[in-house]
Amino acid sequence: MSLILLAEQTLNGLQFGVMLFLMAAGLTLIFGVMGLINLAHGSLYMVGAFAAAGMAAATGSFMLALIASLVAAAIAGVLIEMTVIRRLYDRDHLDQVLATFALILIFSEGTRWVFGSFPLFLDKPSFLSGTVTLPFNVEYSVYRLSLIVVGILVAIGLFWMIAKTRIGIRIRAGENDREMIGALGVDISRLYTMVFALGAALAGLAGALIGAIQSVQVGMGEPVLILAFVVIVIGGIGSIKGALIGAILVGLTDTLGRFLLPQAFALILEPSQATSVGSSLASMSIYILMAGILLFRPKGLLGGA
Amino acid sequence: MKLKQLALAACTALVAAGAQAEGLKVGMITTLSGGGAGLGIDVRDGFMLAIAQSGRTDIEVVIEDDQQKPDIAVQLADRMIQSEKVDVLTGIIWSNLAMAVVPSAVAQGKFYLSPNAGPSALAGERCHPLYFNVAWQNDTLHEAAGAYAASAGYKNAFILAPNYPAGTDALTGFKRLFTGNLAGEIYTKLGQTDYAGEIAQIRASGADSVYFFLPGGMGISFLKQYADSGVNLPVVGPAFSFDQGILQAVGDAALGVRNTAQWSKDLDNPVNAAFVESFQAQYGRLPSLYASQGFDTALLLISALESADVGDQDAFRKALEAADFASTRGDFAFGANHHPIQDIYVREVIKEGDIYTNKIVSLGLEDHGDVYAQNCKM
Chain B
1 MSLILLAEQT LNGLQFGVML FLMAAGLTLI FGVMGLINLA HGSLYMVGAF AAAGMAAATG
61 SFMLALIASL VAAAIAGVLI EMTVIRRLYD RDHLDQVLAT FALILIFSEG TRWVFGSFPL
121 FLDKPSFLSG TVTLPFNVEY SVYRLSLIVV GILVAIGLFW MIAKTRIGIR IRAGENDREM
181 IGALGVDISR LYTMVFALGA ALAGLAGALI GAIQSVQVGM GEPVLILAFV VIVIGGIGSI
241 KGALIGAILV GLTDTLGRFL LPQAFALILE PSQATSVGSS LASMSIYILM AGILLFRPKG
301 LLGGA
Chain G
306 MKLKQLALAA CTALVAAGAQ AEGLKVGMIT TLSGGGAGLG IDVRDGFMLA IAQSGRTDIE
366 VVIEDDQQKP DIAVQLADRM IQSEKVDVLT GIIWSNLAMA VVPSAVAQGK FYLSPNAGPS
426 ALAGERCHPL YFNVAWQNDT LHEAAGAYAA SAGYKNAFIL APNYPAGTDA LTGFKRLFTG
486 NLAGEIYTKL GQTDYAGEIA QIRASGADSV YFFLPGGMGI SFLKQYADSG VNLPVVGPAF
546 SFDQGILQAV GDAALGVRNT AQWSKDLDNP VNAAFVESFQ AQYGRLPSLY ASQGFDTALL
606 LISALESADV GDQDAFRKAL EAADFASTRG DFAFGANHHP IQDIYVREVI KEGDIYTNKI
666 VSLGLEDHGD VYAQNCKM
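Protein sequence lines correspond, in order, to chains B and G. Per my numbering, the first sequence starts with residue 1, numbered consecutively. Per my numbering, the second sequence starts with residue 306, numbered consecutively.
Be a bit skeptical, because a hint or two may be false.
Looking from chain G toward chain B, a few residues come up when the C-beta cut is under 7 Å (computed) [as the list claims (entries may be wrong)]:
# : residue
1 : Asn-468
2 : Glu-490
3 : Ser-526
4 : Gln-530
5 : Gly-535
Simulated pairs of lysine to aspartate or glutamate, DMTMM-like, Cα-Cα distance not exceeding 25 Å [claimed, not checked]:
#  : chain 1 : residue 1 : chain 2 : residue 2
6  : G       : Lys-374   : B       : Glu-109
7  : G       : Lys-374   : B       : Glu-222
8  : G       : Lys-494   : B       : Glu-222
9  : G       : Lys-664   : G       : Asp-350
10 : G       : Lys-480   : G       : Asp-648
Read the hints as simulated data drawn from the structure, not as lab findings. Remember, predicted model here, so these are calculated numbers, not experimental data. Ideal Cβ placement from N, Cα and C applies to all residues, glycine included.
Construct the complete structure from the given sequences, taking the supplied hints into account.
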């Protein structure tokens, strides 16, 4: 095992982590501000990817495709917030889970209706393809490197927005005391719609960015959704900073676990046994991480005291 | 999500009185929703095309969606056997679903014709007189790939597959006929979509070729990421990751890849030419491997129905065993365990106009059966 390989894997873990952050940020914002468990967040990720693939096929431009993913996911978010989600804020979590699960089914079958059952094509732009040689001779994909940069920029933007802008103040106020900011004259339902649209747009952006190197197909959102939930539970539900730390922890644990565990077992077991035991354990690693963190911090790393 | 389709109405009393056989009811359980729907839809469309072309009005097909979930497949099978009273079951795509449904269906005296899944357990010790596989035993295409990789002169292969029974079967199959060394062997998570970690290991491994079995969306993700990684080793795979349904989503990343299959669009026989043309005319897309398997399954069923009545189980079984039909893949026969003995081809991904598709480059394995047949006692 060389250091170059380890460095490359660490970058992979980081890239995976920042993309998870895009998903988890919206999820944790929506939960923090509105107290809503939104299972349909994965569907918004899918909507973003399909919108991007559709726009890329029509125009050939990746930038337009990214814009389409943001706009389409935000619109879809606003629509479901105004028609369905709004009625769920006062209900208990079971009702929310049931209703948003129904939304998953509606989105999946609706997408199949419009786009068909076969995966769509979405490619990264040509100026981001190929590899670049980083210091210490690490060869790395340009596209993945740009994903890391985009993810970090979005994270900085979010922190700035929440710390410095008026809407950020309202979001923080909404997290602390919903009734009070309503009493102070803030239009709560507009704030909710805006937060939901923001979360949806971030999910849609993640869908489009990831869709370019993975497959754009119905049902692509649900596996990511599960990981995003793990991330916000680790980070502390409602905390954006916690989501960032959680996402990077999960990204690194998953990537390095899949890489290192089979090698570690190879020291004590036969090669074929080691790969199978190691990879089984690796797929559990993030859940073990989550259980371990919850054992010591039941509300997550940065969860409210 | 009930998708019940009476393909061809039951015949009128007059026709029934005139026909010598009583007709046949088929229950098709396949995946029509979720990520794996493309495969089930192709099998269904191929199957129904053959039934429609036969002009027979005495075959009724009941189609249900298993959502790729074993528990739902089992419920559907129970309902089809007990209340729909079907004679023949077919349609299942995934091996884990087949393992849940097939043993109990054949134990209840129903025929099962598999258009896709071929788990090794059902080919060996747990084979059954009423179970027929019209596609392949799971190992088959991987064995052909191993043989091809050896004959292409690869000496040091890096191999990977998902960590589930069919993935283990795949790597076992590949290793059975591959004579070189292994630079690495990885089991990935089932449903994994990011392969950056695996690709980094391939880069560092010093391999001279890569073999992977990653069906459906997993294969699309892997190929796109592999093409972008700057690793230029030649890739070999089974047809599942280079099939008509997903090639358009992979794009240029798949061009030139060699893959192994028992069928190809350009296979030169009259049945296949007519099948490709009529499938395209009917559904507006090129048929896939899975569509050809659905089509062949229906042809087999029709051929058996022509010489025997399904009410006479022994006669009908013998008629199926005879496999007296012209398949889309040319010569086709059943081995002792009711699994195909057939030619496996090596194909290459090419671009025809704007469409990505496959063309045959050579014959991989001739009249190839499977190793589990020797464990089958029936």
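Do the hints match the structure? See the list:
{"no.": "1", "hint": "Asn-468", "result": "5 Å, holds"}
{"no.": "2", "hint": "Glu-490", "result": "6 Å, holds"}
{"no.": "3", "hint": "Ser-526", "result": "4 Å, holds"}
{"no.": "4", "hint": "Gln-530", "result": "5 Å, holds"}
{"no.": "5", "hint": "Gly-535", "result": "4 Å, holds"}
{"no.": "6", "hint": "G:Lys-374 with B:Glu-109", "result": "17 Å, holds"}
{"no.": "7", "hint": "G:Lys-374 with B:Glu-222", "result": "15 Å, holds"}
{"no.": "8", "hint": "G:Lys-494 with B:Glu-222", "result": "15 Å, holds"}
{"no.": "9", "hint": "G:Lys-664 with G:Asp-350", "result": "22 Å, holds"}
{"no.": "10", "hint": "G:Lys-480 with G:Asp-648", "result": "19 Å, holds"}
Checked against the numbered hints listed earlier, the structure breaks none of them; every hint is satisfied.
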